[in-house]
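Visitor: Protein sequences appear in the order of chains A and B. With this note's numbering applied, the first sequence corresponds to residues 158 to 710, in that order. With this note's numbering applied, the second sequence corresponds to residues 9 to 344, in that order.
Only pairs whose alpha carbons sit at most 30 Å apart, straight line, appear in this in silico DSS-like list of lysine-lysine:
1. 119/B - 529/A
2. 630/A - 233/B
3. 257/A - 485/A
4. 408/A - 431/A
5. 529/A - 144/B
6. 529/A - 230/A
7. 144/B - 230/A
8. 119/B - 408/A
9. 408/A - 476/A
10. 630/A - 234/B
11. 630/A - 162/A
12. 234/B - 641/A
13. 641/A - 233/B
14. 119/B - 421/A
15. 431/A - 230/A
16. 144/B - 257/A
17. 405/A - 472/A
18. 119/B - 65/B
19. 421/A - 475/A
20. 405/A - 476/A
21. 485/A - 119/B
22. 485/A - 144/B
23. 529/A - 431/A
24. 257/A - 119/B
Rather than coming from a laboratory, the hints here were simulated on the basis of the structure.
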Amino acid sequence: MANLKTRLLIILGCVIASVVMLYPRTVIERVKRDGVFVYDTVKRVPLKKGLDLQGGMHLTLEVDDSRQAVADKSEALDRSLRVIRQRIDEFGVAEPVVQKVGDDRIIVELPGVDDPERAQSVVSEAAFLQFLITDETQALERIIPRLDEAARAAGFGAATGAAGGDTAARVGVTSLFGADSTKPDSSADSTAADSAATAAVNSRGLFSSNIAQGGLVKGQYVVAAEAVTQIQNALLQPSVLAVIPPGKSLKWGAEEQEGTGGQKFRELYMLDSKPIITGESLTDARPTTDPVDGNVVTFTLNSEGGRRFRNETAKNLKKSMAIVLDDKVVTAPTIQSPIGRNGQISLGGASLQEAQDLALVLRAGALPVPLKITEVRNIGASLGQDSIDRGVLALFIAMGLVVVIMIGYYRFAGMLAVAALMLYVLYTLAVLAGFNAVITLPGLAGFVLSVGIAVDANVLIFERIREEIDGGKSTRLAIDEGFKHALSAIVDSSVTTILSGAVLYQYGSGPVRGFAVTLIAGVVASLFTALFVSRTFFMLWLQQTRGAKALSI
Amino acid sequence: MIRIFHHTTFDFLRHWRTAAIITAAFIALGIGSFAVTGAPNYSIEFTGGTLMQLDFKTPPDVAAIRSTVESAGVTGAEITQYGEATSYTVRAQDEASVEEQAGGAEGVAGKIKTALTLRFGADEVTVVRTEAVGPKVGAELRRGAWLALLLTSIISLIYLAIRFDWRFGTAAVLSLVHDVLLTIAFIKLFDIEVSLTVVAAILTVLGYSANDTIIIFDRVRENLKKHRNVSLYDTVNRSINETLGRSIMTHATTLAATLALLFFAGPVLRPFSIVMAFGVVVAVFSSMYVASSLLIYIERRYPRDTDDKNKRREAPAVTAGKAAQAAKARTAAPAR
Numbered sequence: 158m159a160n161l162k163t164r165l166l167i168i169l170g171c172v173i174a175s176v177v178m179l180y181p182r183t184v185i186e187r188v189k190r191d192g193v194f195v196y197d198t199v200k201r202v203p204l205k206k207g208l209d210l211q212g213g214m215h216l217t218l219e220v221d222d223s224r225q226a227v228a229d230k231s232e233a234l235d236r237s238l239r240v241i242r243q244r245i246d247e248f249g250v251a252e253p254v255v256q257k258v259g260d261d262r263i264i265v266e267l268p269g270v271d272d273p274e275r276a277q278s279v280v281s282e283a284a285f286l287q288f289l290i291t292d293e294t295q296a297l298e299r300i301i302p303r304l305d306e307a308a309r310a311a312g313f314g315a316a317t318g319a320a321g322g323d324t325a326a327r328v329g330v331t332s333l334f335g336a337d338s339t340k341p342d343s344s345a346d347s348t349a350a351d352s353a354a355t356a357a358v359n360s361r362g363l364f365s366s367n368i369a370q371g372g373l374v375k376g377q378y379v380v381a382a383e384a385v386t387q388i389q390n391a392l393l394q395p396s397v398l399a400v401i402p403p404g405k406s407l408k409w410g411a412e413e414q415e416g417t418g419g420q421k422f423r424e425l426y427m428l429d430s431k432p433i434i435t436g437e438s439l440t441d442a443r444p445t446t447d448p449v450d451g452n453v454v455t456f457t458l459n460s461e462g463g464r465r466f467r468n469e470t471a472k473n474l475k476k477s478m479a480i481v482l483d484d485k486v487v488t489a490p491t492i493q494s495p496i497g498r499n500g501q502i503s504l505g506g507a508s509l510q511e512a513q514d515l516a517l518v519l520r521a522g523a524l525p526v527p528l529k530i531t532e533v534r535n536i537g538a539s540l541g542q543d544s545i546d547r548g549v550l551a552l553f554i555a556m557g558l559v560v561v562i563m564i565g566y567y568r569f570a571g572m573l574a575v576a577a578l579m580l581y582v583l584y585t586l587a588v589l590a591g592f593n594a595v596i597t598l599p600g601l602a603g604f605v606l607s608v609g610i611a612v613d614a615n616v617l618i619f620e621r622i623r624e625e626i627d628g629g630k631s632t633r634l635a636i637d638e639g640f641k642h643a644l645s646a647i648v649d650s651s652v653t654t655i656l657s658g659a660v661l662y663q664y665g666s667g668p669v670r671g672f673a674v675t676l677i678a679g680v681v682a683s684l685f686t687a688l689f690v691s692r693t694f695f696m697l698w699l700q701q702t703r704g705a706k707a708l709s710i
Numbered sequence: 009m010i011r012i013f014h015h016t017t018f019d020f021l022r023h024w025r026t027a028a029i030i031t032a033a034f035i036a037l038g039i040g041s042f043a044v045t046g047a048p049n050y051s052i053e054f055t056g057g058t059l060m061q062l063d064f065k066t067p068p069d070v071a072a073i074r075s076t077v078e079s080a081g082v083t084g085a086e087i088t089q090y091g092e093a094t095s096y097t098v099r100a101q102d103e104a105s106v107e108e109q110a111g112g113a114e115g116v117a118g119k120i121k122t123a124l125t126l127r128f129g130a131d132e133v134t135v136v137r138t139e140a141v142g143p144k145v146g147a148e149l150r151r152g153a154w155l156a157l158l159l160t161s162i163i164s165l166i167y168l169a170i171r172f173d174w175r176f177g178t179a180a181v182l183s184l185v186h187d188v189l190l191t192i193a194f195i196k197l198f199d200i201e202v203s204l205t206v207v208a209a210i211l212t213v214l215g216y217s218a219n220d221t222i223i224i225f226d227r228v229r230e231n232l233k234k235h236r237n238v239s240l241y242d243t244v245n246r247s248i249n250e251t252l253g254r255s256i257m258t259h260a261t262t263l264a265a266t267l268a269l270l271f272f273a274g275p276v277l278r279p280f281s282i283v284m285a286f287g288v289v290v291a292v293f294s295s296m297y298v299a300s301s302l303l304i305y306i307e308r309r310y311p312r313d314t315d316d317k318n319k320r321r322e323a324p325a326v327t328a329g330k331a332a333q334a335a336k337a338r339t340a341a342p343a344r
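Same shape as in the complex, but just chain B (with noise of 0.2 Å):
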């Protein structure tokens, strides 16, 4: 039987303010970003816009796809090379190709085309893929995602706060937020192109932070009716430590598929497979130091009181009243 840390009894509760100090600086930084360099990279779908994929059957001077495209009338675009040496892609993303395309989006598309073709001829290049998406649709669909994103918060809120009692479900809902603002944090600071596939790799992200911490607090919830007279913090730590081999081996399994996409599934999927495998990090980190230390504050500050351990024996589903019992007797003697 091979055992990676096995009955291991790593305190990691006590590195949390590193933890809380490291996650606080990438985030404020990454918040701060937005309000020196404002938007994140929003992909086409979301601004408006057009994105054209040239394949050229020898590699083009980028200085001539450059002039061809301004040529066109079509000023302020991106070039950039897509993948292979042969492949390219036009952005036409500026103010004024957005504007232009309220009144229709194929336009711009179809002027670089027809300017293209004339000066590389037809057999040279092929547009093998257009994406062409008027300012309005851009905005819906922006407001859409943050919407989803938002109701997606407010669902896992919800569903913690059923499956645990309020102070479980607090530090686990908390965590969540961290979550997704270490994610867009990320995405701002590495520059990230946010599509929508980014979008459902965040919603992605977020569930499975939220495994995670679901994971380890039920645990905590078993140890707390197993152990009695261990401390709250003694107990915590010993549940990370013994969801340890599950944690490793889900993370090892979801990060391998990770990479396999990030490495082998072309670059439209790339945005979405980084955005992932930074998030198997952040549920790591998050539902061990972060979601962690936060109930362990929260049972600090507001211990269980009999009151609390009453409502709690007539209310099924939820820890057992002795449980709580124990729980408060923890709480109320020092920590550590």
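Just chain A, same shape as in the assembly (with noise of 0.2 Å):
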């Protein structure tokens, strides 16, 4: 029967081109080596795993605009995906994704990040870097008594908000300024502080008696680490930004420091507010470890930028530059001679790793505008195996179990579907493969679902065919109209799923959308399985047995 061969022949094709299709594949990737991300050649079956599944880390950003309004967000997201793109390209992930979504949001997906934070700040750092001159007018003395009374004014009292920050800030200015007084320069500063202390005690307002000079540099101040969330809220208010002198401005330190004694606090400093250059006209930035300042990022300007930042400098030798990136002071050296294209960042104790992270950020350039995290799912590559691991398990014994039902009940029809199954099976893997599908963890779930799905198909079949048999047709005919009575059903229920499987898709996010496509991956192999494979196979058997045979089913 030329007709059967040739159907045969389609079968073998298949199988041949799915095997094909999973063998493990040699491919070129990104993989970890010793720490370093390498690209090497690994071998695998090439299924693609969701980040469930693998491990990972997946963002969602969209564009800050609580501070700033942003204009054209779009065109804004299109500016900021490239500097992702290439900050991420350095971070070294395997297989990123970075694309945006919409009008107003970009993905990220870090598949094997096993340091999300480091990752997290890596993407959504705006790193702007701007390089201030601080005050050197006590700008921020002469207008404290203004700024208590906005505060005041605008409901921020000394006595709800300074009450316990009143003495504890006493506290920590005296010691503060007694640390400081080791150093040669701090005495006409502590008598500065002093009359801002006695400043505080007389007037007690918000400013007055939580600010006191810092001493190392001009235009430094230090902050008990109790009142600067107040501070902070106070310098939130427009009537109380309203005094801050034009061309001036207030920056906090990056981070909570611990003084000698003990006590925290927090740097605010009054800065000139026009940089004198910004990270636009940086070129290259590389992290290196410094003898003296530790691990540092040494930065490369562009020829404008170098001569412009060699004039300013030297305009303004012996003063001190705040280096402030994302509107935090990061360290503010004073000017010892002017500084060309090359300069220098010192980070302060911060790890090497740190340096690098901004060295990098630095290099792919700011994010046009600033963007936040509106969604953050990061899994570890663990429970990712896990959730693999039980997947696996929890498919061999639904195979397992429909096998005993298929075959403990139709036999030797049963034993057919079930070896319709396992091509089913091979070829729904073989289609994910080839369409390079995202195997998810509710996409496992589906395929397990649609293996005890994909049967009816055949139990359709077979109950027809039984009827038939019943009716008293011989074997031949039995089947032939079993297939022919069973179609209508089976194609609409095939409908049916790929329906909903389509909705789901259109609708559904990363890991719902690979439930969808592996329905529909099931459905459209289901379809195949029962309506040519089990067919042919019944054919052979017809074949062979001459149709003289009662068929067990």
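Combine both chains into one complex, guided by the hints.
Guide: Structure follows, in structure tokens:
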């Protein structure tokens, strides 16, 4: 029977194609070797695992327009996308996904990331770098009474705010200056601090009682940790901000610090608001270790930026220059000599990795707009592997049960159905590999489920064949009729499943899309195996027995 | 040849009143509980908030986890054991936490992690999973899920309307609506966490139950043609009995796969598996009792008339005119 031969050849061809699809392939992949990402060849089954199965991080970012309005978000996101892509490329992640979704968000998928916090900051840090000269005109001291007044008017009274903070601040301030008095140039400052402290006692305003001069650098002040939040909030008030003289701005130090006596405080800087240079002029940034300053980032400016930097630093010799990253002062060194194209940012005891990351984001450039994270999903690699193990176990158990049920009930025909089921599993996986579909945990669940549902088509056919045999038809005719009559029901059930799968694909996010994809791939494979493969098996059986034997069904 | 329920003549439809009361009561209870206790137990992805799964080296003290989380400034978090004794989840889904994440979703998780590492040490506790979702994303996703549910129902409706004439179609669609309501009532009453995966389960149940109904209706249509002087009531009963073998086998294999998922695939997929398992039961129930009873009701209420018959003759791909005529003869006769 030529027809049968063709059918068998088609099935065999599909099997071979599937095996080829699923055969462990050598691919060049970015993999981790001894903690470093390198491109290497690895051999693996070409089924792509979703983040929930292989571990990794998913981030959704949106434009943060809480502080400033952004006119063209879509365009701003396009530019941000390029910056993020470059940062991630340098960060080193195997097969990252960075894409814009709709007009207002960017999704970033980083498989296999094992330090989520670090990855998160590399992606979302604005990395807006500015160099600002610190104020030397005692601008803050002069406006302190007015700041107090404005704060009081805005409801930030010293009575409420500084009742606790007041004492703490004074204690903090005294001991801070105790520590500073070892420095040669602190005498003048401590007088200023004393007067500030006296002023604090007299007026008991929010600012006067909580801010003291820092001592080391002109324009640098300290705020006791307890009062930081209160002052931050006060500084958000327009009426308070209006007091700050034009051309000056207040910026916080990067991190909370601890004095020798254990008091916690944060630095506050009064700065000239016009930057002498910004990160835009940067052409390169590299992490290095400096014998004196520890881990530092050295940077190179473009020629125009270098020229301006040299002029400005020459003009401001012996003054302090605050290096401001994302509105926070990282460090404020004193300019000893004019600086040209090459400079250095000391990070005050940061780890080499922090220096590396900072250099990386500075190299890739600042984000054109501030971004905020609206969604983070992070799954550890061990949890992913655990999910795979359990899912595969469930798959084998489900298959075992289905095999027992089918063979137990339908005997010989059941064996044909089981053979068709095995092909179903193979074909479905091959289709998934062929379309480069991503296998997720819900996808795996959908696949297990589909094993149970896939035999439905065979069940429909077998039940029909039984009925036809009962009706007195010959085996051959019964099989033909069985397939013919079951067809419409099988097509119907496939269509309804494909429809709900399509809707899920449209509306679902990552993991659920995986479910939809396996569902659809499963239905297509099951149509083929039930209508074509099982049929062929029956034809083969009929040919072998010449229709003489009763069918065990 | 093993045969279960072969040549059965159960009178399934006789119990339609009991079935209707049970299902209506269950749905009313479920819908009623929405009015009393509000929204279902939405997962983080729908409400916004933070979920962290923690693995400890040794079984920790729950109170210690709670006090640590609270010391990080996150009050109102739910702390529950997850699977093994060393595995816990922290769920900060309260209004304050969600609100805090409007400005950036990562903040709460960061605070909790820092506090836990300080308290238990980095070797003792590892954060194996973090999900942090801002309130806006959650609200959008929730809308999307309801939309998906609605859209699937509408698409199935259109498909069934094309596939059957309006009497069969209406019965099938109404029974689908019933399935969705029943499943939602079940989820609400048993406080199952509604995640996107559970929505996927509901949609799968929808498709699965539609199949079942289609298979029985297909047989009804065929039997209407074959046995012309049998009442519709008997024809439907006969059709359910004839497809019983198939139904039991298909539900058995599907349930086997679902139970394998439920017991072996781990806690993440548990809500999905429970809803699917319930869905299999719903499919059996609704195709046998709800869809079939509705079909009989509709056929009695709106008997096929001559005009309809003529229309049906012109329209291809629908039941042949003769069958319609026969159907008319039957529906005109007293049913039992």
